[in-house]
Amino acid sequence: SQKIEQNSEALNIQEGKTATLTCNYTNYSPAYLQWYRQDPGRGPVFLLLIRENEKEKRKERLKVTFDTTLKQSLFHITASQPADSATYLCALEGAYNFNKFYFGSGTKLNVKP
Amino acid sequence: DGGITQSPKYLFRKEGQNVTLSCEQNLNHDAMYWYRQDPGQGLRLIYYSQIVNDFQKGDIAEGYSVSREKKESFPLTVTSAQKNPTAFYLCASGTSRPDTQYFGPGTRLTVL
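Each protein sequence line maps, in turn, to chains A and B. For the working numbering, count along the first sequence from 1 and bump the result up by 1286. For the working numbering, count along the second sequence from 1 and bump the result up by 1349.
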């Protein structure tokens, strides 16, 4: 069965540094990979989507890479701020299984001032 | 004001009772989803619907039922057959490919 792994340990970094979060997957060939932000007690918020034929995507301070050979996506937040503290989830959607998404358990990011 | 609404935010029920969670969207999205989230775990798909009057089971559909009579609405019923119903329930709606999901604020269900 499909498996999506995100680091369950919280990532603690200092304000201004770059945060890098990892999403690894097995037994799956996603057409799209997405990253979401989730604050405690709230629904996830969509951040970025990257297609299987794209290597990198940027949006303001966010950058996502997608390596289908390594079956891995990296999510970077540059010049991190305390307001970036949240849990970040990756989600995969298959090429032939439209509208069916698989989510990782998320990595909690703590940015300290 | 566009978006997805879920009600209520907190819900308490006695064991053995069925309960229905509401989800409404005014984003004109065709696809709608229900997820369950347990502490320290990712979202698990319960049911999804790509069009009115049609829906498919997700990975953990047992003990749940849904209906999609209107494009805007996708209610979820948690039946007494669901063994561990206490959880945070999230509804989402989505655009067509590439698919992006927009989530509601969630309903926290506690079964006493």
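One thing to keep in mind: the hints can contain errors.
Stated by the list, open to error - Lysine to aspartate or glutamate pairs mimicking EDC-like chemistry, simulated, CA-CA at most 16 Å apart:
(1) A/Lys1386 - B/Asp1379
(2) A/Lys1386 - B/Asp1448
(3) A/Lys1386 - B/Asp1403
(4) A/Lys1341 - A/Asp1353
(5) A/Lys1289 - B/Asp1408
Said to hold, decoys possible - Partner residues are not named here, just some residues of chain A that face chain B (Cβ under 8 Å, in silico):
(6) Pro1326
(7) Leu1335
(8) Ala1365
(9) Glu1379
If you're looking for bench data, these hints aren't it; they were derived computationally from the structure. Note that the coordinates shown come from a computational prediction; the quantities given were computed from them, not determined experimentally. Built from N, CA and C at the ideal position, the CB exists for glycine as well.
*List of violated hint numbers, smallest to largest*: 6 and 8
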